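Sequences listed follow chains A and B, in order.
Each residue of the first sequence is one higher than the last, beginning at -12 in the numbering used here.
Each residue of the second sequence is one higher than the last, beginning at -12 in the numbering used here.
Calculated directly from the structure, the hints in this document are not laboratory data.
All values derive from a computational prediction rather than experimental measurement.
Check the hints yourself; a few may be wrong.
The list cannot tell twin chains apart, which means a pair is met if one copy fits it or any two copies do.
[As the list claims (entries may be wrong)] Straight line, CA to CA, 20 Å or less: simulated DMTMM-like cross-link-like pairs of lysine to aspartate or glutamate:
(1) K207 - E336
(2) K148 - D373
(3) K148 - D335
(4) K21 - E49
(5) K148 - E32
(6) K148 - E185
(7) K207 - D224
(8) K48 - D65
(9) K(-3) - E302
(10) K207 - E26
(11) K207 - D236
(12) K(-3) - D373
(13) K148 - D184
(14) K148 - E257
(15) K207 - E243
(16) K(-3) - E338
(17) K207 - E32
(18) K207 - D9
(19) K48 - D86
(20) K(-3) - D341
2 protein chains.
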Amino acid sequence: MVNEQSQTVKQLIDDISQYLSDRDFTRLTQSLRKQSMAEIVTILERFGERQRAVIYRLLPKEQALSVFESLPPPLQADLLRGLQDVEVAALFAELDPDDRMWLLDELPAAVASRLLRGLPRRERQLTGEMLGYPQGSIGRRMSPEFVSTRFDSTVAESLAKVRRRLDDAETVYTLPVVDSGRRVVGVVGLRGLFGADESEQVGALTQPAHTAEATEDAEKVARQCTDLGLLAMPIVDSEGRLVGIFTIDDAVRILEYEESEDAARQGGVEPLRRPYRSIPIHRLVRSRMVWLLVLAIGATLTVQVLSVFETTLEEVTVLALFVPLLIGTGGNTGNQAATTVTRALALDEIEPRDILFVLTRELRTGFMLGLFLGAIGFVITGLVYDLHIGFVIGLTLTAVCTVAATIGGIMPLIARTVRVDPAVFSNPFITTFVDAIGLIIYFLIARAILGI
Amino acid sequence: MVNEQSQTVKQLIDDISQYLSDRDFTRLTQSLRKQSMAEIVTILERFGERQRAVIYRLLPKEQALSVFESLPPPLQADLLRGLQDVEVAALFAELDPDDRMWLLDELPAAVASRLLRGLPRRERQLTGEMLGYPQGSIGRRMSPEFVSTRFDSTVAESLAKVRRRLDDAETVYTLPVVDSGRRVVGVVGLRGLFGADESEQVGALTQPAHTAEATEDAEKVARQCTDLGLLAMPIVDSEGRLVGIFTIDDAVRILEYEESEDAARQGGVEPLRRPYRSIPIHRLVRSRMVWLLVLAIGATLTVQVLSVFETTLEEVTVLALFVPLLIGTGGNTGNQAATTVTRALALDEIEPRDILFVLTRELRTGFMLGLFLGAIGFVITGLVYDLHIGFVIGLTLTAVCTVAATIGGIMPLIARTVRVDPAVFSNPFITTFVDAIGLIIYFLIARAILGI
């Protein structure tokens, strides 16, 4: 089934490429009409910017808006560049306020403010309020179009209110319950209202709510929402008054965005933010170039360290044979620790203030791993080369693993403390840093034991 | 606000540790009563296995079940070991069928089958059906407790049906619509039913459904669910007949699980599956030991390669100085490509059959990056050392980057083809492999240019 489906998509994409290159728009339009929304989104994601705009403009009007809403915001921004001003203004006005905020983040400031000015009054007001919250806060990701109810309303009144707002509310499945001062006192599910007696008071059905303040970090709130499996969370101001609702589909979107970013940075790549297939090669090169250069410059440190020990190397060339093995093992140990700690930070399991806890744990873990590898290294090198070399390798492995795990473990915490994405400071960075330290340790041990 | 909150949790955990070590269960119980469910889950995640069991048993009965349901399945399994058989059987019977499946995956086979035998008849039957679907399939992650409606029912009939099933259904917000043969013809939202005329036919409100077959891969279906922002997806058998419903909160759980696993493996760590703080050090060591050893054994390849070129090294010791820089850059380039391709695979943007496409893209990307770095390397080394060394370094950088990006790019695809997690075969593995190849390239170029 999975294979059949992707076979179809593959076939479809081949067909569409053919129609595009033949400029056969009649058949292209026909073939698009037959597809579901999900398939059209997939198709758009597979093509480059120019072809994507052509395909999009052939979609039937009623489908175009929902397809647009389902595209990743960077692709939305790309698409807008291929459309006429009137079309852009219409699309922009029809978006939900929260979707509009995602798109605004992608647009150049001049375009964004022009589009904002062109919005109908009410939409402009809603969007303006959201823009008042700090960058990266949940206030910019919530929806201001909520249905709430009062704790002293009856079930019948609340259901009537839901009915009136069915079309424009972000969700009607979770209703924040407020007091006379618009302060959130809990939530009630449509499920709860639906099963209750019509004359009952909402207060009796209300359950404790997990709320968040509009200025809180969006990623943190999204994580709470998905961890607790909540369909929606009321968002409040500093006085506890209801200002918006945050739904699980937006939480998923935020977390996926953050996870793609973390994954990229941990591999030393700037996040691409667009599907792999649709990215031109020069952009792939650009997303890697800077990091590669920075790391290469960092690695010149190893050349300098080795220069210092050049005479040692000339005397005992055999030492050079183990350089890649030793620094590689150090890098791997550092990466392991960094990966574990970065993930724990992302999942909010630890905080920067736990640095001493992490340091002692990783030091002990690294030491044990080092002892184990060092013992093996000692035996093998001792047998193949000689006992002195065996000692040097065994001791170096122990020391390097200890140092590498410690550095790898605390680096993400330090990054977070200085407000840098922990993933940036991570694997390739740690490898380079640990390489240089590992070499110094290696040659100092070698000199001491071999008496050079 | 964020800081205040975590301050409280920190304080709370300190208090609880104190009560635990004083064995002051009265105050411990009192302090637990004051906490919300989310806070109790956080507390349980922070403590080790034995203390966790003590705290859990002090929770009020009515809270204990929902706390249990919110814990990650590995922690649920740990907890069961600390409870008495009667308690375990009661908990197990009260879980929703889909939550029960997660837990079953964590339990030793003997415990699992004993617990299954102890289930009430209907629950045993539901769970048995789910166990009939293959490991890793969506059939094991859906819920068999759905409310559906017929396309020829009226809105009033459907709402009455929803009302009857409010308590046990997984969701009532998305209803699959079926024909007389139980085949899914679409979905209708409670929102839609709610706004419609009571006498209207459901068929008129039905919207096209995104369904999945029960044997399809769970991760793939979860990704579709979140990508399209669907609250729920009907799950069907091979004839298109409704067998279950899959909800977005479970989709989030699956994706988070897979992402944690990918993140761990990409850093060369076996997934921990438990919060970092609650893991004893010997487990941390174990999760890294095997990988580290495998990689170290792989790295002995570099020792062998260098042995072959030992005489070259003795003649021109200066070549040794660049070894870490060159192989480090190769490793970084390989990692970048692997990271990008692994993520694209995880997001279903490319498939193993795209290998030629990826190969040519990464080869070109690697070559361009290599040319750029090679040119810089040539100039700098040419100035600091001499022109010949400059040539060697420049050419090696170009060749190594090209080879590394290509290998890094296709390795995840090969892994997927041979049905290994692409993340396993990834960064540390690629680094080691690329190191050895890089060294061979380096010394061959050096010998040719320096005429050794």
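Hints breached by this structure: Numbers 2, 3, 5, 9, 12, 14, 18, in rising order.
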